[in-house]
Every structure is written in C-alpha cells, then in structure tokens.
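*Asks:* If you want the building blocks of each chain, they are given just below.
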Amino acid sequence: MKQKFDIIQSTCIPLPLENVDTDQIIPARFLKATTRDEKFFGDNLFRDWRFDKDGNPKTDFVFNQPDFCQAPAEGVHQVLVAGKNFGSGSSREHAAWAIAGYGFRVVISSFFADIHKNNELNNFVLPVVVSEDFLTELFATIKDDPMAQVKVDVPAQVVTNLTTGRSESFEINGYKKYCLLNALDDIDYLLEQKAKIEAFESGR
Amino acid sequence: MNTLFDKIWDSHVVSLIEDGPTQLYIDRLYCHEVTSPQAFDGLRSRGIKCLRPEKIFCMPDHNTPTHDQDKPIEDPVSKKQVDTLERNAAEFGLAHFGMMNPKNGIIHVVGPERGLSLPGMTIVCGDSHTSTHGAMGAVAFGIGTSEVEMVLASQCILQQKPKSMRISVEGKLGKGVTAKDVALYIMSKLTTSGATGYFVEYAGSTVRSLSMEGRLTLCNLSIEMGARGGFIAPDETTFEYIKGREYAPAGEDWDKAVEYWKTLKSGEDAVFDREVAFDAADIAPMITYGTNPGMGMAIDGTIPEDTAQKSLDYMGFEAGQSLIGMPIDYVFLGACTNGRIEDFRAFASMVKGRRKVDNVTAWLVPGSWMVKEQIEAEGLDKVLSDAGFAIRQPGCSACLAMNDDKVPAGKYAVSTSNRNFEGRQGPGARTLLCSPLVAAAAAVTGVITDPRTLMD
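Quick note, the sequences are listed as chains A and B, same order.
The letter at position 15 of the first sequence is residue 15 when you use the numbering used here, and the numbering goes up by one with no holes.
The letter at position 175 of the second sequence is residue 175 when you use the numbering used here, and the numbering goes up by one with no holes.
Take the hints with a grain of salt, since some may be wrong.
Below, simulated DSS-like cross-link-like pairs (lysine-lysine); rule was C-alpha separation at most 25 Å, straight line [unchecked claim]:
#: 1; chain 1: B; residue 1: K406; chain 2: A; residue 2: K58
#: 2; chain 1: B; residue 1: K79; chain 2: A; residue 2: K39
#: 3; chain 1: A; residue 1: K84; chain 2: B; residue 2: K161
#: 4; chain 1: A; residue 1: K58; chain 2: B; residue 2: K411
#: 5; chain 1: B; residue 1: K103; chain 2: B; residue 2: K80
#: 6; chain 1: A; residue 1: K84; chain 2: B; residue 2: K189
#: 7; chain 1: A; residue 1: K177; chain 2: B; residue 2: K161
#: 8; chain 1: B; residue 1: K310; chain 2: A; residue 2: K58
#: 9; chain 1: B; residue 1: K49; chain 2: A; residue 2: K2
#: 10; chain 1: A; residue 1: K194; chain 2: B; residue 2: K161
#: 11; chain 1: B; residue 1: K189; chain 2: B; residue 2: K175
#: 12; chain 1: B; residue 1: K55; chain 2: A; residue 2: K194
#: 13; chain 1: B; residue 1: K262; chain 2: B; residue 2: K7
Hint data in this document are derived by calculation from the structure and do not stem from the laboratory.
Produce the entire structure from the sequences given, and follow the hints as far as they go.
*Replies:* Here is the structure:
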C-alpha cells in the first residue's frame, strides 16, 4: 500500500513474454473478493501459469524455478522484468494488487498498457519504462546470473543494470514523483480541490 | 489540435497540475460489482461521501447468472459481491439497477440504451470496455478501482491527456462483413498495443454508415488495440437513437442539447498525432486464431507463419493452418461487444430455417432486459427456438466466465465477445472471436464456416 519510494536495489524475476494481459496476472475467478486483501491477490498472481488445476506448482514457470522461487524481500526479487506491452486488456486493479501483494516494488518493461500503468502507480508499484536495448540486455544479464541486481533510483529517475553498469533515465512526472517519495495518493490531492470543482461546476 | 477529443477533454478540465496530470471533471460514473467494493471501502475508511451521487449509476453484470435470476445466486462469493454493490449504492445514495430490475443488464449496453450516455460527456467505469460509450460521441474510458474511488469522492479524476489518433475506414462493407469484422481487422493490422497511449476517433464513410449498435461494437473494441478509448462524432444516427430514451433530455432541453451536440466534430483543420486509413473492400469476415484479439485473420485465411508458439500450443493450432471446417464445441452470442438487438437479428437471420448442431452448446445472452424484450417483440425468440436455440437472461456471462457459463478446458468456443486471452472463458478454454454471423454459421454447421457460403 502507501509506502515511500527512495532507492531500490534488488535481484529480479524475469518474465520475457510480450503482451502479458491482466487476465494472466490475475484470472477473473479471483476478482470476486470484496476487500483489498493483497496477500490473497499476491498468492494468486499468475495463478494459471504458476499452478496446475490441482494447485501444484508448474516447475517450468519462472516463479517456481530454484533461482527465482524465493519470495521478495528487501533486496531480493523486488523487481519484475517483463516483455513489452505488459498489463494489456482488462482494467482490473486486482492485477496491480496481486503484483504488490506478491512483494514487487518495481516492474521494468519497454512498454506498459495505459490503464495498468496507472493502477500500478496508484498502488505504489513503480512501472519503469526502459528502451528495448536495455530490456534485452537485462534479460541476458539475469539469464547469465540470476543473482544480478538492478538499482532503481527514484529521486534521480535512473535505473541501472549493476552487472553491466548500463544506466537509463526513466520518465515520471513531477507530481507523481512527489507523491511516491512522500507516500501520498491522488485522492488525498483531490479532496483538497473542492473549491475548484465547485467553481468549475458553476461555470458550466 | 482542434480535434473533437480536444474539445470534449478541454471543456472538462478543472485544473492542470504543474508537471503532472490533468484534473478532469467526470459527467457519468458507472459502477459494477467487481471493481467497486474496495473503492467504497476507501470512502468509508476516509470517512467521506460521494460528492455528486446523482451522476453515478450502479448495476451488477459480471457475476449475474444467466438463468433463474429471480432466485438467490447459488455461488456464495458471487452473491456477496452483488449484494455488496446494492448495499454500497444504498449507503451512498446512488441509483442501483439490481438483478431482475427491468433496467438491469451489462453496463455498456444499459448506459446507451437508457439515454444515460450522451454526446459530449466524459464517462468512466472500472471496466476497460467503457470505451463502448464513445459511440455516443463521448469521451469514455476504463479506469482502475483507485480511480473509481477518486470519482466517487470528487467527481474528478487525475489523468494524463492521451494523444489523438484518427482511424478512417472508407467504402462499402462486403457481404457478411459487420462492425465486429471491421474492429477485428483494424486490430489485426495495428496489433494489441498499436494504439496504446492514444484516444481514437473513428471516421470515414464506412463508420458513418454503421448503425448505433455497430458503432457501439466498434468503439467497444478500442481497448483491444491498446487505445484508452475510441469515439465517433455524433450525427443524425446518434440523435435519432437517443431521442425519447428514458434519461435523455426532452422538450426544450432536447432542442438545446441537439444544437450543442451538432457542434461536436473535429475541425476541418484538425491535426491528429497519428492517422491511419483502411479500405472497407479489404475487410472479410474475421476470426481470431491466437491468444490476444490482435491475432485475427480473414475467416478463409491461414494462420500466419510468425505466430508465437506459446499461442499455437495453447490453441492447439499450427502455423499455416486454415480453420475452415474445424469442429467447435461452444458458441457464445452476447457480451458488451455483441449483445445488442442488431446482433440477435444477424444471428437469427443466419440460423432461420436451419438447426443447431446437437453437439454444439450455444449460449445466447442478451446484453440487457431491454434487448431481451425487443428480441421477443420482434419474434426473434421464435425463429431462434425453432432452430434449437434458447435465450438466456442478461449479463456478461461467458465473456469472462465469472458466473457459471464456463467453457471447459481444451474446448473450442466461437465467441462474439472481446477477448481470447488464455483462460478468459474458463481455465484452459480456447476462444475464437468473431461476429454474430460467423458464430451463427458455426452453430448450425458444427464447424468453422465462412458465413458468406450460407448467405443468398
């Protein structure tokens, strides 16, 4: 939930697939919850890729492989690295809750679907857009060394592949950056705007 | 510059945050049971009410069973979610069209048909297919639950202004080609992310010639090419459709509204960030072969050689394969994409005088009670039942299988819905997206069939 961002340095979990849609991130049958129980959603992140129909882990899925099965913790697997067009399809915010609930703080990709990107930001998961080259190199780095780390410096807006030293700056607008650094959300902001809203309404 | 999108968006800007998003005023918020409970919880935990409850309409659609809606929902988890929406609507003073209410149905079918979604409006809902309402000449887009909470609390949303894109389609559609085929064709050209970051205006003679039902289908699928939304400038077809609907302006207000709506078009000098054009003559009845809606082809085509192996494995297909003649198991007519009266007319026209194949399970699910009544008023129910089809009760149904309408693992479903993602219609289910005509042709032959071969 609301948590301040600063510098995150961590190993990653790679998911080198393109067009990962939110139905895969959290299948529809898990959307029936009426509370924002991040543990529940996190437990069911990529449910049908992670588990077979009897609930047994599928060993060919990266989250279940020995190098990547450790649950995220400080410095460990806090970053998901995904192929382009991550989070396409359904607007379900449950997908962002699942990603946050699993323990990811950052998702790195070369391209995010619009709604999902907003949903991540609204849940204090940072979508970091990098170039195709950076992404390809990062996948290769992790393949060579599953313990490879990235550094995501939010104040400086720079992401670094610590194995190769390659850095890139990433976009985030000043307003959102302020929110992330200070753990403020958009509703906190909007609730202070009542006078402006009423002025707009009376001017129509 | 000077696009219709600019006009509508700019007239709803409450404020611009320096180096940040726009504070945008929202005219209409729709809430369904799946993406709203946590937003209402948020209001409660902050101790606040809805700022403009009269602009908000709630209805359950995702979990609703498509039979016996007069009885309690059997699945306790679904029931709880549906009941929670009703309780939240009552607590916050919002209109609620519950199950069995004659106004109930899929939100994206009900909004336009009740005159709740109007030209020039900003419309949002915690549902990516909110783009549907763009057919009314509105800026309509899907949002997440945190954003639903923003609108509940402040009638505003913070949003970056998307770029603008015009997709023009010119010419007359060929035999058996519908709005759904136009959308699947555009997606197959642009891919599932081709319009990400953009808001799309559909234009051109083909688009103009579409009925409102066709336009709603086209705009519905905007999100499937990544666009935040898609809309069509309102015209006489739009005004004719809206006039006399329950929540539409009437009397003097109607005249004033139409006068304003007539100004809602992009200027001759409008500049779009991107323009794409297609020729209607190139579009055939379409079908998808893969696991995202951009993976579509002409029904008589062959699966492209460069198709991702993961998709082929899931679908049980091979590159280079034709799908014509392939046996199918399920047919689904419905969803916010194709659950309107015109879709049932098309389906009925194809099955009239024919018979559903015994080993095909067909789910025909109207988008709303109003659509169901119209089906009966036009006698289509008789045509369909003579051909071996039953009409179910309205809801999202097998589009995403949150109710009991699930396609079993490994089975092939020919569906008029909007997504063929892995597991979308049930874990392991294999979905082929298409128009109501293609779905009907499959239902009466039991195999993938080019509908043109069954038409006079």
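*Asks:* Each of the hints needs a verdict: does it hold here or not?
*Replies:* Evaluated hints:
no.: 1; hint: B:K406 - A:K58; verdict: holds, 23 Å
no.: 2; hint: B:K79 - A:K39; verdict: holds, 22 Å
no.: 3; hint: A:K84 - B:K161; verdict: holds, 22 Å
no.: 4; hint: A:K58 - B:K411; verdict: holds, 22 Å
no.: 5; hint: B:K103 - B:K80; verdict: holds, 21 Å
no.: 6; hint: A:K84 - B:K189; verdict: holds, 18 Å
no.: 7; hint: A:K177 - B:K161; verdict: holds, 18 Å
no.: 8; hint: B:K310 - A:K58; verdict: holds, 16 Å
no.: 9; hint: B:K49 - A:K2; verdict: holds, 22 Å
no.: 10; hint: A:K194 - B:K161; verdict: holds, 22 Å
no.: 11; hint: B:K189 - B:K175; verdict: holds, 21 Å
no.: 12; hint: B:K55 - A:K194; verdict: holds, 17 Å
no.: 13; hint: B:K262 - B:K7; verdict: holds, 13 Å
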